[in-house]
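J.: Residues per chain are reported as follows:
Protein chains: 2
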Amino acid sequence: MTQEFVHVTYLAHGKPGTDWQKKANGIAVGLTVGSWTDLPEARQAAMQKHLGHVVAAEEIGTDRDGLAQARLTVAYPTINFTPDIPALLTSVFGKLSMDGQIRLVDIDLPTEFASRFPGPKYGIDGIRNALNAYDRPLLMSIFKSVIGYDTATIAEHFYQQALGGVDLVKDDEIFFDETYAPFEKRIEACRLAAERAQQETGKFTLYAANLTGPVTEIFDKARRAVDAGANALLLNVLTYGYDVLHRLAADPQITVPIMAHPALAGAMYPSAQYGVAAPVLLGKLMRIAGADFGLYPSAYGSVALERAETLKIAEALRGEQGTLHRAFPVPSAGIHPGLVPFLYEDLGNDQIINAGGGIHGHPQGSAAGGRAFVAAIDAVVNGKTLTEAASNSPELKTSLDLWGNPSGK
Amino acid sequence: MTQEFVHVTYLAHGKPGTDWQKKANGIAVGLTVGSWTDLPEARQAAMQKHLGHVVAAEEIGTDRDGLAQARLTVAYPTINFTPDIPALLTSVFGKLSMDGQIRLVDIDLPTEFASRFPGPKYGIDGIRNALNAYDRPLLMSIFKSVIGYDTATIAEHFYQQALGGVDLVKDDEIFFDETYAPFEKRIEACRLAAERAQQETGKFTLYAANLTGPVTEIFDKARRAVDAGANALLLNVLTYGYDVLHRLAADPQITVPIMAHPALAGAMYPSAQYGVAAPVLLGKLMRIAGADFGLYPSAYGSVALERAETLKIAEALRGEQGTLHRAFPVPSAGIHPGLVPFLYEDLGNDQIINAGGGIHGHPQGSAAGGRAFVAAIDAVVNGKTLTEAASNSPELKTSLDLWGNPSGK
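Protein sequence lines, in the order shown, are assigned to chains A and B.
Counting from 1, position 134 in the first sequence corresponds to residue 134 in the working numbering; the numbering is continuous, with no gaps.
Counting from 1, position 386 in the second sequence corresponds to residue 386 in the working numbering; the numbering is continuous, with no gaps.
These are calculated hints, taken from the structure and not from any lab test.
Even glycine gets a Cβ: it sits at the ideal position worked out from N, Cα and C.
Don't take each hint at face value.
Computed from the model, here is a short list of chain A residues facing chain B with C-beta under 8 Å [unchecked claim]: (1) THR32; (2) PRO214; (3) PRO262.
Covered, in the sense of this in silico footprint (three residues per stretch, anywhere, with C-beta under 8 Å from a C-beta of chain B), are these stretches of chain A [to be verified]: (4) 120-133; (5) 167-176; (6) 215-229; (7) 242-254; (8) 267-275; (9) 390-403.
Could you put the whole structure together from the sequences, leaning on the hints where they help?
T.: See the structure below:
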């Protein structure tokens with residue numbers, strides 16, 4: 001068997017004069033065989049296949065505190081891991097994450113090892129087929145403020161959103177207490193609401209229901225959701241662990257796409273010295289674990305991420321990667337119709353325009369808010385300006401008047 | 001039913017002149033009912049019990065970039081959550097973690113809500129009973145470099161460690177590939193090695209085996225471990241998710257204590273602006289979820305945390321908290337016998353002295369390395385200096401000569 005390696009790149013800060021080659025070698029040996037030069041020769045021969053090595057160790061600058069900055073790339077033999085993210089993250093950034101100023105900035109998985117992860121079960125093509133929606137970005141609406149609401153009220157909210165022409169509606173990710181709106185009842189009620197809206201609009205709307213509860217029951221719950229007619233599931237991946245997403249995606253009975261929410265990601269990606277870069281956290285790892293949709297903060301909204309980072313996340317989700325399906329990037333938070341041209345210029349058709357307040361805050365209600373977005377998307381896809389489109393869409397005109405049209409066109 | 005609230009404290013950075021009361025109120029409303037002033041009065045009456053509120057919003061200083069710093073404490077009604085950590089963290093620091101410079105620094109759980117979490121199944125008292133070891137810190141040794149080793153070799157390493165008089169031996173947390181040393185075989189072999197050592201030393205040694213593999217199989221695997229004679233389990237809690245620990249601790253068939261490894265914690269706690277403070281991450285949440293042992297970087301070793309933070313972690317693990325059992329604090333990384341007086345002064349008897357290189361690196365081998373620690377612990381408990389103790393323990397003398405005796409006594 002040829003050896004395969006996972007290449008992991010770190011950004012490290014340290015005292016001026018740090019021997020980065022030595023530092024990287026300490027990582028490569030310490031996180032694989034533990035020690036090397038102390039081993040007898042016969043033992044070294046047996047352990048060679050488990051030994052990590054340094055690919056690159058390059059000083060790249062100095063920070064404002066005078067600390068030297070370096071990029072270190074270490075190769076870890078895949079033979080040391082089982083193909084799951086707890087094994088991968090614990091090995092390459094478990095203890096190491098606590099060892100001084102060090103940040104995980106990239107992971108490069110070799111083809112054979114990556115193919116042992118499920119990846120998205122449906123991905124962009126599968127979801128487009130399910131919705132019969134091609135050659136344009138999809139539109140998603142987020143339920144707002146449903147804590148304490150009952151099933152009938154939630155279904156009515158769903159109906160209003162679906163009437164506006166959105167392709168998907170997702171639960172609020174903080175919807176946990178299901179006393180008034182039990183999971184399967186909610187799924188059934190929203191499916192009926194989708195059918196009712198379809199009779200008026202001709203368009204079907206998927207519902208991504210928030211999958212919650214004990215991890216020991218979540219897989220059964222997901223299967224029951226499918227039996228109840230669910231057509232998508234939402235998961236708070238980082239609070240449940242990537243392996244929960246992985247096993248949901250790998251389960252042949254769970255025949256619906258899975259949407260990965262980024263909740264808690266901000267505890268890990270924003271620091272310059274520590275943590276895990278957003279394209280790894282919300283892009284690469286989400287995709288191999290099986291996210292069909294990857295949500296992340298857009299570069300334009302209320303909760304913003306740097307544009308370059310958002311483009312890397314999108315590339316990690318939907319770029320070519322072996323046999324893995326492509327996942328939908330879903331730039332989120334504070335999106336209103338005036339931002340659609342920016343999102344479209346960045347990512348083109350293969351993305352989901354995702355809005356909460358930008359739909360529900362529309363003065364004529366959620367259905368009108370949805371129609372405003374539909375008109376905006378139709379405009380950008382057909383090379384029209386929002387101002388042109390607004391002349392035929394009073395709903396869009398209202399949105400632009402309220403939230404602005406920052407592209408100025 | 002009287003309302004109970006989880007109090008969450010954040011450290012926020014923002015522009016000078018930020019209205020912190022308004023900011024905190026936005027969090028309290030936004031992460032509970034979504035919006036409030038827009039709601040009709042009848043709806044407000046129904047939603048009142050779900051509404052969060054601001055407990056405190058206090059500006060505390062200015063950072064070196066001229067940003068204002070504030071401590072914000074928000075009360076969340078427990079009625080909004082299910083009693084599990086994914087619900088709790090997603091709600092109070094899910095989306096919010098991505099919303100600017102904000103850090104979660106404390107969580108205060110009310111008694112009734114905390115009592116719905118399992119907490120440690122055995123805790124300090126249960127573990128002391130199992131080991132028949134009282135009135136002193138316990139001693140743990142970490143397997144080193146076992147990737148690629150077979151069961152017999154691992155059992156021999158265990159035997160050497162047990163001979164040195166350690167109370168527990170834990171697997172290396174990066175031990176995943178079990179091809180050469182299958183989980184249950186390894187547990188059986190180490191149990192036999194423990195019995196063999198006991199015949200010589202009169203002392204029993206617990207083995208904490210690393211629980212790995214798919215989350216869908218991990219609960220069965222843990223039960224099989226118990227059937228195979230396991231007497232403790234090690235879990236990489238942060239890469240698997242706290243809920244895995246929670247459900248293992250709540251499972252009546254898993255009749256052994258669980259050791260929580262802090263792998264990946266450094267991706268979250270070290271930044272001053274972002275993330276989650278170590279006493280929450282490695283103390284409070286680990287304990288309610290059911291850790292019997294909580295590992296964390298000590299203030300003295302190679303991978304260091306500030307002393308004040310380590311004391312808060314220990315307090316969170318073992319302080320009085322309703323009916324929850326007390327968990328063992330395990331300050332770790334780079335511990336050698338010369339550091340025992342510092343650890344003892346900080347935490348007294350109810351802790352575990354945990355060493356890897358400080359045991360295996362002993363020039364006379366791991367058994368001698370263990371004996372050096374036993375002598376050091378015996379010294380501090382009996383009010384003797386290490387220098388005095390070393391006069392009766394050549395192994396301790398060797399350790400102090402090699403790694404130093406920083407207390408100077």
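J.: Any of the earlier hints contradicted here, and which numbers?
T.: Result: hints 4, 9 break, sorted rising.
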